[in-house]
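J.: Take the two lone chains and join them into the complex the hints point to.
Those sequence lines, one after another, are chains A and B. Residues in the first sequence are numbered from 24 upward in steps of one, following this note's numbering. Residues in the second sequence are numbered from 17 upward in steps of one, following this note's numbering.
Derived from the structure by calculation, the hints contain no laboratory data. It is possible that part of the hints are untrue.
Here are the simulated DSSO-like pairs of lysine-lysine, each with C-alpha atoms no more than 30 Å apart in a straight line [stated by the list, open to error]:
{"#": "1", "chain 1": "A", "residue 1": "Lys-78", "chain 2": "B", "residue 2": "Lys-70"}
{"#": "2", "chain 1": "B", "residue 1": "Lys-84", "chain 2": "A", "residue 2": "Lys-448"}
{"#": "3", "chain 1": "B", "residue 1": "Lys-70", "chain 2": "A", "residue 2": "Lys-438"}
{"#": "4", "chain 1": "B", "residue 1": "Lys-138", "chain 2": "A", "residue 2": "Lys-438"}
{"#": "5", "chain 1": "B", "residue 1": "Lys-76", "chain 2": "A", "residue 2": "Lys-417"}
{"#": "6", "chain 1": "B", "residue 1": "Lys-29", "chain 2": "A", "residue 2": "Lys-417"}
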Amino acid sequence: MFFNEEFETLPREALEALQLKRLKAMVARVEKSVPFYKEALAKAGVTADSIQSLKDLQRLPFTYKQDMRDSYPYNLFAVPMEDIVRIHASSGTTGKPTVVGYTKKDIETWSELMARSFMAAGVHKGDIIHNSYGYGLFTGGLGAHYGAERLGASVIPMSGGNTKKQIMIMQDFGSTVLTCTPSYSLFMAEAAKEEGIDFRDLKLRVGIFGAEPWSEEMRRDIEEKLNLSAVDIYGLSEIMGPGVAIECCQAKKGLHIWEDHFIPEIINPETCEVLPEGQMGELVITTITKEGIPLIRYRTRDITSITYEPCVCGRTHARIARMSGRSDDMLIIRGVNVFPSQIEAILMGVEGVEPHYVLIVERKDNLDTLEVQVEVGENLFSDEIKHLQALSAKIEKQIKEMLGVTCRVRLVEPKSITRSEGKAKRVIDNRNKA
Amino acid sequence: MHVEQISIFIENKFGRLAEVTRILGDAGVNIRTLSLADTSDFGILRLIVNDTEKARTVLKERGFTVSKTEVVAVEIPDRPGGLADILQVLDADGINVEYMYAFVERCGENAVMIFRFDETQKAITTLTSKNFNVLPGNRLYSM
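Pulled out of the complex, with its shape left as it was, chain B reads as follows (with noise of 0.2 Å):
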């Protein structure tokens, strides 16, 4: 149920992003969605998109560091205090979210979620025995 994200170390400089995404474009590789964190010396950049493999070996290619990493998807519903149900019920369940961001597309009335987990299968676990709808990797790189 989980889905595949990549994540790229990029140096604060100018144009490296912008030269990340287009060695992706080149390759035929759409971003569906991405997070970037960032520090004054460097920046993690997260991606999910239609083909990890390529895109890790393109940007590998390229001679940049690239990692793959497991993160879930949750379907939210979109109205206040959605987010808030979800962070409850994983604290509840002593499920420690390291980073999370938002999907750029709905998924009908809701709202996706993309974590990352200390423990993914556990949050994955406790999240549908709530009756979460945890998206898998396919429906998300294709939505």
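For reference, chain A alone in the conformation it holds in the complex (with noise of 0.2 Å):
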């Protein structure tokens, strides 16, 4: 089952010349309407013109998180502002957030891109979509919500949280697809059966689960608790939002990343080269039909690998693997974007906070858990209890406000925290762990 038959299964030849003929088009826009490229391309001695080949895109410059950053909020934008339809915005690291603008197309190539997606999946017409994936500025829930609407299935916009109310509408309303973080559809799954309710007994068949880092085996513990079919879907708001890449439900083997719109390179994120099909790799990507930001060789930080092995499904477009991790210090924490740099920020200012912290992430009965172990210096300290833990509540009050992430403050003994002489070691991983 296909949403756009003739695309998704183009030979690669035709895929091929298609990406080339678009990837000129894309660059010489870009040469034109962003100085930013303009001077870019220049310095790397690159001219739309002077592509012959798809070989070629490894001439062109890398476009990196702080270029973004560095031109908030608009100045990026290929299209005068009077084109751009909708904006969203990822989550900024020191409080600027990356922006990124929609022209009516760009809305509708995205629409296009989840409605395939949603295809891929095992969904279809006729299908009542659970969306609880966040609206607002974050991509997740307007990504799925136009995508569901061009695929012409029913969707309920519940955007995320208030869990027991997502339980009800889900019995009530007969969901058959759910859309969510993968860690929140087992807390969902948890929380119903402390209701008395299995999700087994509910409508729902295929599950899309994308926003965070998860592993086989959360696939098939969620396939068992909620009886439905689970896949992995893939994005960035730099690229599009959810839809650049999805498993399809044949294979469940890698995500097919849409190669009519987006050209994936996996390069070696220290040395930058390119590295051949199978090799792990930083995901760097240009799209080729975008509008409002097209982006020329987006390093994404996602470690991951491609092939180009056919696939069972039919669909001709590469397959990237599972995001195995970031290469820059960047944390998901249920789905939610967090640098240390930001909980360093809440509490620096906390009076009397040292300097001294560490963040402790681990994923207990499949949920993300976070920890933030602060040191108790004579500032802080009192020989009262409450005051102690009315200044842990305080602090976890100001991440869940300022982040929208749930954590656990832990007060320490002074020194208790490694000191390091290099880069400070402020995040402790043990989710990867086996």
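T.: Set out below in structure tokens:
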């Protein structure tokens, strides 16, 4: 089942010819309309006309997240603001988010790619899609929403939170498809169980889970507890949002990346050399149809590998492996991007807090947990338990309010956090340990 | 009339309490009485010792977070209702007890209780006006 059979099954040769044509057109556009790229391309000595084959992509400059921050908010936009119909943003590290703008055509493209993704996952018209991705500046909610409508399915715009109500709606409305983060799906199943409701009695058939790294073990657990077929979806706001790549329900082995709109490369993040098929490295994406913010060789920081092997589903588009981590220090906790620097900024805002802290991330019962260890120096200390507990509660509340992440603050003795002479080790991530 | 107490922040880790008492012992500091308040993560050890300054110095040298607090020691008749009587007096005057614990030694026929009040001076005034015997620090340190 395809949403756009012609393009989803385009033979390799035709697909690459289309990519080359679109790449040249995109480079020609940004040369004219984006001063940042005009300069970067000139420096690299590349013009649209000089691009002869897809190999030439390697001559193009990279785009980093920092470039987007430096262009805050609109300086990377390739069209006038009057042509921008939607603005999304990812969470900012030091306060300033990464802003992306979409033209009407960009929204249409995104909706189609999300609709394709739904179809690949085994969703079709007639399905009732329970969308628990957050709506707002975050691209998850609206991305899945528009895709569902484009597909012609019924969409329930739940957004995140309010778990009891989510479960009631799923029961009463007969939801057949669930879209949310993998950890939230298990959280909902647990919450339902406490209410005496078995997810296996619901009508859910397919679950489309993304926005955080998860494992094959977790898939098995979800499929067992929720009695549905669970597929992995990938996306990032800088490129588009959810639906950049998706697993097909037939193979569930790697995520098809929609190559008629994006050109993927895997590079060694240290040396920047392009790696051959099958090797693990950083995913780099070039958008070839985007109008609002076209990006050349965007460094996603996500670690994966790529394969061009034919897939049983018939789609000709390459597949990327599940994301196995990030090449920078960003943490994804229950689908929310968290940088240690953001937590640091909050801690430093609390009077008396010493600049020594460590973040410990674990996965307990399939949910990510974050513990923030804070050293108690003389300025913080009180001989009364209640004052210290109020202090931890205050920090927890601020982190929740500012980052949207629930954490547990643990007060520890001075000097108990290891000091480093080089770059401080602020994060202990125990999630991927076997 | 108040008594000096030192408080030490201790993580709930194996051997930490032992280490504190060992440091004090090695420094020749004698613990007169103590209380330990704890949560699942940490505890606060409160001590009355014979040499507050020395205890503070040696513990801080070893990296512990230490603070000094003023508490009040009161003699209470060692009989049923003795503690209830004193708490009633405090309550009548609107004085809040933050925490309290017992002193290990008796003072003649009386028990000794250590109180931490939100308003130390007011509490001392109330207690003495009701003829409770508030013990000075020097007496306690050497009892």
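J.: Assess, step by step, whether the Cα of B:Lys-70 is no farther than 30 Å from the Cα of A:Lys-438, and give holds or violated.
T.: 22 Å, holds
J.: Between the alpha carbons of B:Lys-138 and A:Lys-438, is the straight-line distance 30 Å or under?
T.: 38 Å, violated
J.: If you draw a straight line from the CA of B:Lys-84 to the CA of A:Lys-448, is it 30 Å or shorter?
T.: Roughly 33 Å separates the two Cα atoms, so the pair is violated.
J.: Just to be careful, I want the Cα atoms of B:Lys-29 and A:Lys-417 compared with a cutoff of 30 Å; is the pair within it?
T.: 24 Å, holds
J.: Holds or violated: B:Lys-76 with A:Lys-417, Cα cutoff 30 Å?
T.: 27 Å, holds
J.: Is it true that the CA of A:Lys-78 sits at most 30 Å from the CA of B:Lys-70?
T.: 74 Å, violated
Checked against the numbered hints given earlier, this structure breaks hints 1, 2 and 4; the rest are met.
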